[in-house]
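6 protein chains.
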Amino acid sequence: MVFVTRRETFSAAHRLFNPDLTDEENEKIFGKCSNPNWHGHNYVLEVVVAGEINPETGFVIDVKELKEIINKYVISKVDHKNLNIDTDFMRGIIPSAENIAVAIWNQIKDRIPYGKLYSVKLSETENNFFEYRGE
Amino acid sequence: MVFVTRRETFSAAHRLFNPDLTDEENEKIFGKCSNPNWHGHNYVLEVVVAGEINPETGFVIDVKELKEIINKYVISKVDHKNLNIDTDFMRGIIPSAENIAVAIWNQIKDRIPYGKLYSVKLSETENNFFEYRGE
Amino acid sequence: MVFVTRRETFSAAHRLFNPDLTDEENEKIFGKCSNPNWHGHNYVLEVVVAGEINPETGFVIDVKELKEIINKYVISKVDHKNLNIDTDFMRGIIPSAENIAVAIWNQIKDRIPYGKLYSVKLSETENNFFEYRGE
Amino acid sequence: MVFVTRRETFSAAHRLFNPDLTDEENEKIFGKCSNPNWHGHNYVLEVVVAGEINPETGFVIDVKELKEIINKYVISKVDHKNLNIDTDFMRGIIPSAENIAVAIWNQIKDRIPYGKLYSVKLSETENNFFEYRGE
Amino acid sequence: MVFVTRRETFSAAHRLFNPDLTDEENEKIFGKCSNPNWHGHNYVLEVVVAGEINPETGFVIDVKELKEIINKYVISKVDHKNLNIDTDFMRGIIPSAENIAVAIWNQIKDRIPYGKLYSVKLSETENNFFEYRGE
Amino acid sequence: MVFVTRRETFSAAHRLFNPDLTDEENEKIFGKCSNPNWHGHNYVLEVVVAGEINPETGFVIDVKELKEIINKYVISKVDHKNLNIDTDFMRGIIPSAENIAVAIWNQIKDRIPYGKLYSVKLSETENNFFEYRGE
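Residue numbers (my numbering), protein chains in the order written: chain A, 1460 to 1594; chain B, 1460 to 1594; chain C, 1460 to 1594; chain D, 1460 to 1594; chain E, 1460 to 1594; chain F, 1460 to 1594.
Hints are computed from structural coordinates only; laboratory data are not their basis. Check before you lean on any hint, since a few could be wrong.
[What the hints assert, rightly or not] Some but not every residue of chain E turned toward chain F, in silico, with C-beta under 7 Å:
1) Glu1484
2) Asn1485
3) Val1507
4) Ile1553
5) Phe1589
6) Tyr1591
[To be verified] Some residues of chain B that are not near chain E, with every Cβ distance over 12 Å (derived):
7) Glu1515
8) Tyr1532
9) Glu1585
[Unchecked claim] List of simulated lysine-lysine pairs, PhoX-like, C-alpha gap at most 25 Å:
10) F:Lys1523 to D:Lys1531
11) C:Lys1491 to A:Lys1580
12) C:Lys1580 to A:Lys1580
13) D:Lys1526 to D:Lys1487
14) E:Lys1523 to A:Lys1531
15) F:Lys1536 to B:Lys1523
16) B:Lys1526 to C:Lys1523
17) D:Lys1487 to A:Lys1526
18) B:Lys1580 to E:Lys1580
19) B:Lys1531 to A:Lys1487
20) D:Lys1580 to D:Lys1536
21) D:Lys1531 to E:Lys1526
22) D:Lys1580 to A:Lys1575
23) A:Lys1526 to E:Lys1526
24) F:Lys1487 to B:Lys1575
25) B:Lys1531 to C:Lys1580
26) B:Lys1536 to C:Lys1523
27) C:Lys1526 to F:Lys1491
28) E:Lys1523 to A:Lys1526
29) B:Lys1487 to B:Lys1536
30) F:Lys1487 to C:Lys1491
31) B:Lys1580 to E:Lys1491
32) B:Lys1523 to C:Lys1536
33) B:Lys1580 to F:Lys1580
34) F:Lys1536 to C:Lys1491
35) D:Lys1491 to E:Lys1575
36) A:Lys1531 to D:Lys1487
37) A:Lys1526 to A:Lys1568
38) F:Lys1526 to F:Lys1491
39) D:Lys1523 to E:Lys1491
40) F:Lys1487 to F:Lys1536
Think of the CB as a built atom: it goes at the ideal place given N, C-alpha and C, for glycine as much as any other residue.
Please construct the entire structure, taking both the sequences and the accompanying hints into account.
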């Protein structure tokens, strides 16, 4: 079994805000991340697929094909978008990096044609990284 | 003469939009960068000061002092902000990376106590970099 | 379960030296790393916490809070310090990267308020990385 | 148990090509990666060894020793080489990154004197990474 | 005047070889870089354009347009190619990084529609960088 | 004219301290950088040579030769050393990054056999960079 990782990036706006809480509570929990005028990030996404090597090709999955799946189901919906407003698969979800990673997992886990999805890694800044393995 | 560079980062939302143009013209020029719901970036800022070494300290300028100047006059006004709405020194300016770099130059050029400001470098994504040297 | 990683850096001096061995033995085992006048590194520390997402916040643990814990219990004791002399939690321990990683684990494992400590990763140079998972 | 990682790099030419398939099939599967005139990469290799810390040295394995093993059995055979033609341990193997990672694992797994080989990671470009753990 | 940099990458095979010299001389000058079976690199290319900001757009040159120029005239001719054999603009030129940088300059210098070409930077490995400014 | 850059790294201990000042003055100017028990860094050094391309080789200077010069005259004297005590070319000089860059310039400027030394760049941490061009 080999683990194949494809790295993609996207740039998005978001705001951490829980509509069930008051503005004061949101400000207390989320601080500057709750700015009502939004802020944004260059997110770095790594999708890891685990599987057996196909002896005919030497591939677990062709990374070009993996790239197309990520672009079609994720990047096209988040790049240069507002994650709170524009992204269908984030509707009703607080766009913390943890929640974005889980939502990306759900968005692609049944669309990997060879091997299976092992991990979704998301970095929000150069110092904060998040990983979800479906467990 | 030695060139001293301090690197800082900030995360901000913005939208490329010229209010003197129609929506169609904005869309044609700026494409996805003109999304009315905003998008955002992790900007990397490098401020370069050039000057003589002070023989008593071995410093051109103490990088801690340079960091404080950058934080006070730039980072506090752009980090976790919307560059079109929240940042006083960007008012009325299209927030392209070129214009942000020039505005940051103007914001700090008279506030460097030792040596003088030589360059402001700004990266908007890992593939696009911008530099202004006041010329 | 999501894995949340916070990255911090520190700059420290150290020397690899086992007081139970002769100078010749130390020199033979540790070579230039045993220089009696010390050398140093920019260490990169990554602390990984694993836990469930709190539905109210979208966080496993607020990375600002994780950062404060790391700074209070680790960075303040190692940054711009001599790891053989200045750092209480390294007393009597050869400051190899392996031992530093284990000592940092012990220093913070009972101080993580949400989720639990999963991994401590330490890079000593750009080519040498070390990880301890408490196993 | 601590995980010790040594990072090395090598620059090599290769071509993805399965001699059991026709030229058309190779072109269809491998596209530009099958260019008969070759192409090449700067590969980044990370070798991870897991083991107990030796209390006398503070090491799982001296990274200098690990570096020498990797250089002797891997780097000297792949750096500035053609992986399809020059490298003995790749003979008869399609040089996909997956297959290179597995071949490097086989090349060094019985040569680690302390601890045991845990993982071989190989990046082929800045966006594509591959890992084999011998499972 | 602002300097705008676009970063692109390409993977290519090459061999350092001067046909006017004997094999022994080539081996003496170029060593392992002269391997007759080729080797290769992930090259990182940075193209720097200098110019005035267009007040209507905030751009010196739209980086998307700069990217398309680089891809059309350079990347499409070098990526997954053999620089000694496949690349028209390298014909008869020893493909040292210095010569590649100059050839890329010549390839694009008259095709920059706004501002003018200021610099071509090329990294061949993570430790070797080359820059040509047309002087 | 092409600019050729060779990147090398070294790990060293140092302390910022001016013996002409009192301990209180040193503490006030240098703060934690003046820790009498030392601290240290992984320094990244880039040496830039500018010159004409030799048509026989395609090189300004063979980077292997440049690497050997840097290693002989600089790295061997600073790597795993104490810059205040062990390094002959730093004797009597406060080891600020500015002063180290100038001292490295003086150490190698007359030893470049092809082209001439254009710049010495030194990074002390990932956020602080220093450059000297002999002016």
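Do the hints match the structure? See the list:
1. Glu1484: Constraint on E:Glu1484 not satisfied, violated at 9 Å.
2. Asn1485: violated (10 Å)
3. Val1507: Check failed: Cβ of E:Val1507 comes no nearer than 13 Å to chain F, outside 7 Å.
4. Ile1553: holds (4 Å)
5. Phe1589: With a minimum Cβ separation of about 6 Å from chain F (threshold 7 Å), the hint on E:Phe1589 holds.
6. Tyr1591: With Cβ-Cβ at 5 Å, under 7 Å, it holds.
7. Glu1515: It holds; B:Glu1515 is separated from chain E by about 35 Å at its closest Cβ, greater than 12 Å.
8. Tyr1532: holds (20 Å)
9. Glu1585: Non-interface label on B:Glu1585 violated, nearest chain E Cβ at 7 Å vs cutoff 12 Å.
10. F:Lys1523 to D:Lys1531: With a Cα-Cα distance of about 20 Å, the restraint between F:Lys1523 and D:Lys1531 holds, given a limit of 25 Å.
11. C:Lys1491 to A:Lys1580: At roughly 38 Å apart (the allowed maximum being 25 Å), A:Lys1580 and C:Lys1491 break the hint.
12. C:Lys1580 to A:Lys1580: holds (16 Å)
13. D:Lys1526 to D:Lys1487: It is violated: about 39 Å lies between the C-alpha atoms, which goes past 25 Å.
14. E:Lys1523 to A:Lys1531: With Cα atoms ~21 Å apart, E:Lys1523 and A:Lys1531 stay inside 25 Å; holds.
15. F:Lys1536 to B:Lys1523: This hinted pair is violated, its Cα atoms lying about 28 Å apart.
16. B:Lys1526 to C:Lys1523: Measuring from Cα to Cα gives roughly 20 Å; hence the hint holds.
17. D:Lys1487 to A:Lys1526: Cα-Cα ~17 Å, so holds.
18. B:Lys1580 to E:Lys1580: OK: B:Lys1580 and E:Lys1580 at ~16 Å, within 25 Å.
19. B:Lys1531 to A:Lys1487: holds (23 Å)
20. D:Lys1580 to D:Lys1536: Holds. D:Lys1580 to D:Lys1536 sits at ~17 Å (cutoff 25 Å).
21. D:Lys1531 to E:Lys1526: violated (41 Å)
22. D:Lys1580 to A:Lys1575: Holds. D:Lys1580 to A:Lys1575 sits at ~19 Å (cutoff 25 Å).
23. A:Lys1526 to E:Lys1526: Status holds; Cα separation ~20 Å.
24. F:Lys1487 to B:Lys1575: holds (24 Å)
25. B:Lys1531 to C:Lys1580: The hint is violated at about 33 Å.
26. B:Lys1536 to C:Lys1523: holds (20 Å)
27. C:Lys1526 to F:Lys1491: Cα-Cα ~20 Å, so holds.
28. E:Lys1523 to A:Lys1526: Within the cut-off at roughly 20 Å; holds.
29. B:Lys1487 to B:Lys1536: Status violated; Cα separation ~30 Å.
30. F:Lys1487 to C:Lys1491: violated (33 Å)
31. B:Lys1580 to E:Lys1491: It is violated: about 38 Å lies between the C-alpha atoms, which goes past 25 Å.
32. B:Lys1523 to C:Lys1536: Judged against 25 Å, a Cα distance of about 20 Å means the pair holds.
33. B:Lys1580 to F:Lys1580: Holds, at about 16 Å.
34. F:Lys1536 to C:Lys1491: Status holds; Cα separation ~12 Å.
35. D:Lys1491 to E:Lys1575: With Cα atoms ~32 Å apart, D:Lys1491 and E:Lys1575 exceed 25 Å; violated.
36. A:Lys1531 to D:Lys1487: holds (22 Å)
37. A:Lys1526 to A:Lys1568: Distance ~14 Å between A:Lys1526 and A:Lys1568 Cα, so the pair holds.
38. F:Lys1526 to F:Lys1491: Between F:Lys1526 and F:Lys1491 the Cα gap is close to 34 Å, so the pair fails against 25 Å, i.e. violated.
39. D:Lys1523 to E:Lys1491: holds (24 Å)
40. F:Lys1487 to F:Lys1536: Distance ~30 Å between F:Lys1487 and F:Lys1536 Cα, so the pair is violated.
Hint compliance for this structure: hints 1, 2, 3, 9, 11, 13, 15, 21, 25, 29, 30, 31, 35, 38 and 40 are not met, and every other hint is.
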